[in-house]
Amino acid sequence: MEASATAHHDTHDDHDHHDYAGDTIFGFWIYILSDCLLFGTLFATYAVFSNSFAGLIEPKDLFSLPFVLGETALLLASSFTFGIAMLKAKDHNMQGMFKWLGITFALGLSFLVMELYEFWHFSNEGATFDSSAYWSSFYALVATHGLHVFAGLVWMLVLFVHFKRDGFTEDNKTRLACLSLFWHFLDIIWICVFSVVYLMGVM
Amino acid sequence: MGQSNEHGQGGQAHGSVKEYTHGLIYSVILTLIPFAMVMMDIGSPQMTIGVIMICAVAQILVQLIFFLHMNTSSEQMWNTTSAVFTVVIVAIILVGSLWIMQHLNHNMLMGH
Numbered sequence: 004m005e006a007s008a009t010a011h012h013d014t015h016d017d018h019d020h021h022d023y024a025g026d027t028i029f030g031f032w033i034y035i036l037s038d039c040l041l042f043g044t045l046f047a048t049y050a051v052f053s054n055s056f057a058g059l060i061e062p063k064d065l066f067s068l069p070f071v072l073g074e075t076a077l078l079l080a081s082s083f084t085f086g087i088a089m090l091k092a093k094d095h096n097m098q099g100m101f102k103w104l105g106i107t108f109a110l111g112l113s114f115l116v117m118e119l120y121e122f123w124h125f126s127n128e129g130a131t132f133d134s135s136a137y138w139s140s141f142y143a144l145v146a147t148h149g150l151h152v153f154a155g156l157v158w159m160l161v162l163f164v165h166f167k168r169d170g171f172t173e174d175n176k177t178r179l180a181c182l183s184l185f186w187h188f189l190d191i192i193w194i195c196v197f198s199v200v201y202l203m204g205v206m
Numbered sequence: 003m004g005q006s007n008e009h010g011q012g013g014q015a016h017g018s019v020k021e022y023t024h025g026l027i028y029s030v031i032l033t034l035i036p037f038a039m040v041m042m043d044i045g046s047p048q049m050t051i052g053v054i055m056i057c058a059v060a061q062i063l064v065q066l067i068f069f070l071h072m073n074t075s076s077e078q079m080w081n082t083t084s085a086v087f088t089v090v091i092v093a094i095i096l097v098g099s100l101w102i103m104q105h106l107n108h109n110m111l112m113g114h
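Protein chains in written order, with the numbering used here: chain A, 4 to 206; chain B, 3 to 114.
Careful: at least some of the hints might be erroneous.
As the list claims (entries may be wrong) - Facing chain B, according to a computed beta carbon distance under 7 Å, are these residues of chain A, among others:
| id | residue |
| --- | --- |
| 1 | Ile-35 |
| 2 | Leu-36 |
| 3 | Leu-65 |
| 4 | Ser-67 |
| 5 | Leu-68 |
| 6 | Leu-77 |
| 7 | Ile-191 |
As the list claims (entries may be wrong) - Label-pair distances were calculated between CB atoms; the ranges are:
| id | chain 1 | residue 1 | chain 2 | residue 2 | range |
| --- | --- | --- | --- | --- | --- |
| 8 | A | Gly-105 | B | Ala-93 | 49 to 59 Å |
| 9 | B | Asn-73 | A | Phe-171 | 45 to 55 Å |
| 10 | A | Asp-94 | B | Met-42 | 13 to 23 Å |
| 11 | A | Val-161 | B | Pro-47 | 28 to 38 Å |
| 12 | A | Asp-169 | B | Ala-60 | 55 to 65 Å |
| 13 | B | Pro-47 | A | Asp-169 | 17 to 27 Å |
| 14 | A | Gly-129 | B | Ile-95 | 44 to 54 Å |
To be verified - Examples of chain A residues toward chain B, derived with CB under 10 Å:
| id | residue |
| --- | --- |
| 15 | Cys-39 |
| 16 | Ala-50 |
| 17 | Thr-75 |
| 18 | Leu-79 |
| 19 | Phe-83 |
| 20 | Thr-147 |
| 21 | Phe-153 |
| 22 | Thr-172 |
Please keep in mind that the hints were generated in silico from the structure rather than gathered at the bench. Note that beta-carbon positions come from the ideal geometry of N, C-alpha and C, so glycine has one too.
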């Protein structure tokens, strides 16, 4: 491979670089699947403790479904706007990409603010992470998802700087593709969270 | 180069506005059904739980197909294979934990 790359330097250069980007994205995909295992164990913990309230506050006293529906709408919309940003990036339309990534960032940030408000509200009502096994597992699961969203937002800001500085290089395109995987993955985890934690929690 | 970009990098294919719009519409429908069922208190608990599960799985598939462009083409083979492997492991963790813990609780009660 190396010999052929040097022999036909100009024709194979692109190809080699392309393979490298493919490996990076596949590697990132493997990371996401391992993150999936992390969430799988947190969901298992949550399910095991789903009735361990220690005679204290139960989730159905506190959960507000319209509020959760609002959070869900923000994340679903952000998945869509990220997709549009990816299409703009494919056309090398920097301004369009920044616009749609900016909207995605605003939606993600609003989601995070709503989630933090919810935690603050629950804590004020007496449901802190140390009140019972149920609330420990609740905060562990939901806050881990929130931390991931926060990491995604920071990553988006970093990527913004990268694109401003270097433009549409292969590296930047790979980074954007990885962040896209990450963001859609967070949406998938949230589907499980609202189904298992919130919808089944109020029943 | 342009040609290879069409098929994306490492199985990461690009969609179209139409595909993303369809994905969004399906997601909204699959979110509203379980929320409406729980909020309006329609049906028995067993039925509601069944609908919530079915909608969740359907929506995850919608996300994978419309937003992550997952399919069974050869360039996506490793992505799909590793994802299926992960689903099996997660299922073992979930079912195994619940099964063991339920039996543990059961045995504790027997001791009384």
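Hint by hint, work out which the structure violates, then give me just those numbers in ascending order. 1, 3, 4, 6, 8, 9, 10, 11, 12, 13, 14, 20, 21, 22
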